[in-house]
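S.K.: From first to last, the protein sequence lines are chains A and B.
Residue 43 in our numbering sits at position 43 of the first sequence; the count goes up by one each step and never skips.
Going from the second sequence to our numbering is simple: count from 1 and add 1000.
It is possible that some hints are incorrect.
[To be verified] Label-pair restraints from in silico Cβ distances:
hint, chain 1, residue 1, chain 2, residue 2, range
1, B, T1365, A, G44, 49 to 57 Å
2, A, D266, B, K1276, 39 to 47 Å
3, A, V8, B, L1382, 19 to 27 Å
4, A, K309, B, S1364, 40 to 48 Å
5, B, W1367, A, E224, 24 to 32 Å
6, B, S1313, A, P70, 56 to 64 Å
7, B, L1382, A, S100, 24 to 32 Å
8, B, T1330, A, A136, 43 to 51 Å
9, B, W1384, A, V8, 23 to 31 Å
10, B, S1354, A, Y43, 42 to 50 Å
11, B, Q1192, A, G274, 39 to 47 Å
Because the hints were derived from the structure by calculation, they are not lab data.
Beta carbons are placed, not taken as given, at the ideal position from N, Cα and C, and that holds for glycine.
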Amino acid sequence: MKSKCLWVLYKKEMADHLKSRRFFIILMLVVITGFSAIYAAAYGISSAVEQENNSFVFLRLFTTSGSSIPSFVAFISFLGPLVGLSLGFDSINGEVNRGSLSRLLAQPIPRDTVINGKFLAGVSVITLMMLSMGLAIGGLGIIMIGIPPTSDEILRILAFLIFSIFYISLWLAISQLFSLLLRQTATSALACIAVWLFLSVFIGLLSGVIADVLYPADKVETVEAVLRNSKTELMINRISPSTVYNEAVITMLNPGVRTLGFITQDQLVGAIPGTLPFFQSLLLTWPHLVSLIAATMICFAVSYVYFMKQEVRM
Amino acid sequence: MLKEKNSKKLKLTSLILTFMLMFLLLPAFKVSAAQGLVIYTTYPSIAAKSGENIYSGITISNTTGTNMLVNLNVVSLPENWEAFIEGGGKIIDKIYVTGNTQNFDLTVKIPDDAGEGKYTVVLEAASGNYSDRLNLEYNIKKEMENKGQLQTNYAELKGSSDTTFDFELKITNNKKEAQTYSLGADVARGWQVNFTAQYDTKQIASIPIEPNATSTLKVSVVPPANVEAGEYVIPIAATSSNESLTTELKVIITGKYAMEITTPQGRLNAETTAGKRTPVDILVQNTGSSELRDIKLTSWKPNGWDVEFENDSIDSIAPGESATVKAYITSDEKAIAGDYVVSINANTPEVTDSVEFRVMVKTSTIWGLVGVGVIILLIAGLYWVFNTYGRR
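Chain A with its partners taken away, still in its complex shape (with noise of 0.2 Å):
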């Protein structure tokens, strides 16, 4: 009965974001500059590849950046956000306005069917949106550069889209919250860019005032001072969700990368450069992938609690 019930309004509400303006407006924003970032790669690997024997090449369609535009992995890290604020910005407080919730409500369901059926539904679209593009670009980029991936590649494209559909969906769930919290569509939508922005931006300059601060480095320069400021910079701008998938991503994408945090020059004596394995990358990021997640249900589920305290009379 209420499985049934939740799958009559994910249907429903999956119906209405495929349906609506402003997913397609957003999707093409996301869709074109993907693109162009992924044709600006493949343009300037494809000469790259001839000359050097370098093996992940495909990957790279990722992380390169063109000429004049920034890479794959850049542009989701910064329009990712917007997808997921999209789609979740106005999915209560908009049925508020419009007068839809109480009468939904009024049906013999269950009350938690609704909050769930539209994150699930926003979660969808986030996941059809990710792979679909991820298949394209796979495609694309066969027919460009003329390199089909390796299973190693696939592997870590795979783990690039679920982290990106973490990403996306972190922002929905917070969104969402935002959506709960505040009664009008426009203040909640100006709180989501507000925060994203913050997010995104402004919190790789406080970063470092904020370090600055702390453990100012510029009167001493120790290396342990140095090491504490860099330190205290990094954890701040880890807050930002922008900042742990950039780390997850390129670390995914690059199986050159194989520490995230600061080494020593001990530590590099006798290391060779090479690259890491799959599951040794996955297993570098997987406190990335489990913050993501964790802040993910984290949101939902205070959302989740507000709604079915929240009255519903109006």
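Start from chain A and add chain B according to the hints.
M.R.: Coordinates of chain B only, in the frame set by chain A:
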């Protein structure tokens, strides 16, 4: 009138007498002149063979006390022979002799078809009343032109089995015509004998040599890899259509010290987790032909790493045998994931070898499991939230 007639007669007689006296005195003049101008050579009789060029150093001596210009001339030369008088590197026919002696050369070109026998070349030096003759005898002998020569610069060479032995080989063609010698060596299987030009790397199978000329070649002898210590004689032959020249090269092979480090499987990589102690089997092989004694094992490792050997040294390994030693590689706890290099060296006073291990450090999976635990906890929490608040 009669008196006048008589005096005329007397005049004529005295004139005749004077002439007669002059002719009588002339030979006496020549004898004394021989003491004034002398040409001589140290070796007036030379054995030679046809086709050869013979140089003779000639000395001219002037004891008259006055400087004089002397004409030099070859007065007698056998048919088809050629002779040049040379001074100061140029062909001359006059020489100016001051008070003492002067030297010049005589080059005689003996034609190829000169038959056996004695030939004489006469050189004359003449200046005014003075003159002298020098007879040079050339004794042409047939037997001299018969046999070519094959010579090496070293009688024997010594080295280990992986040495390339280089000999120098001189082939002389003493025949009258150019000959092509094909070169060969009679060696056991596995030996390589290569003939190369002295300043070239091309291998030579046969070489043409001009008449009365010598060619120098290089012969390199490469013994087989598994050759035993000992003495080896390698006969070398240069064969033309007319003659066969042979010589022998002697090579002495000494015992070789060689050692190789590897693992029983030949794999030179290992996997470890940061901070873990990983055993690695190391195989020390004696690939030489002498016994290795007192082999010491050492290692080079990254900072914070440790390599322990079960035994630091091996007493002895016979040729062809090997010894296994266990090494324990402990990586640094702070080692980052990925490849590190650890090298293991074995030393004896005679020979050393080292091998590089690629050690891949893996991240501990404990934190991965912790992450899984966190997610399980979150799912449980979400389930609890669903159960607590979802019943409305």
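S.K.: All hints, please: hold or fail.
M.R.: How the hints compare with the structure:
no. : hint                            : result
1   : T1365(B) to G44(A): 49 to 57 Å  : violated (37 Å)
2   : D266(A) to K1276(B): 39 to 47 Å : violated (18 Å)
3   : V8(A) to L1382(B): 19 to 27 Å   : holds (22 Å)
4   : K309(A) to S1364(B): 40 to 48 Å : holds (42 Å)
5   : W1367(B) to E224(A): 24 to 32 Å : holds (25 Å)
6   : S1313(B) to P70(A): 56 to 64 Å  : holds (60 Å)
7   : L1382(B) to S100(A): 24 to 32 Å : holds (27 Å)
8   : T1330(B) to A136(A): 43 to 51 Å : holds (48 Å)
9   : W1384(B) to V8(A): 23 to 31 Å   : holds (26 Å)
10  : S1354(B) to Y43(A): 42 to 50 Å  : holds (46 Å)
11  : Q1192(B) to G274(A): 39 to 47 Å : holds (41 Å)
Checked against the numbered hints above, the structure violates hints 1, 2; every other hint is satisfied.
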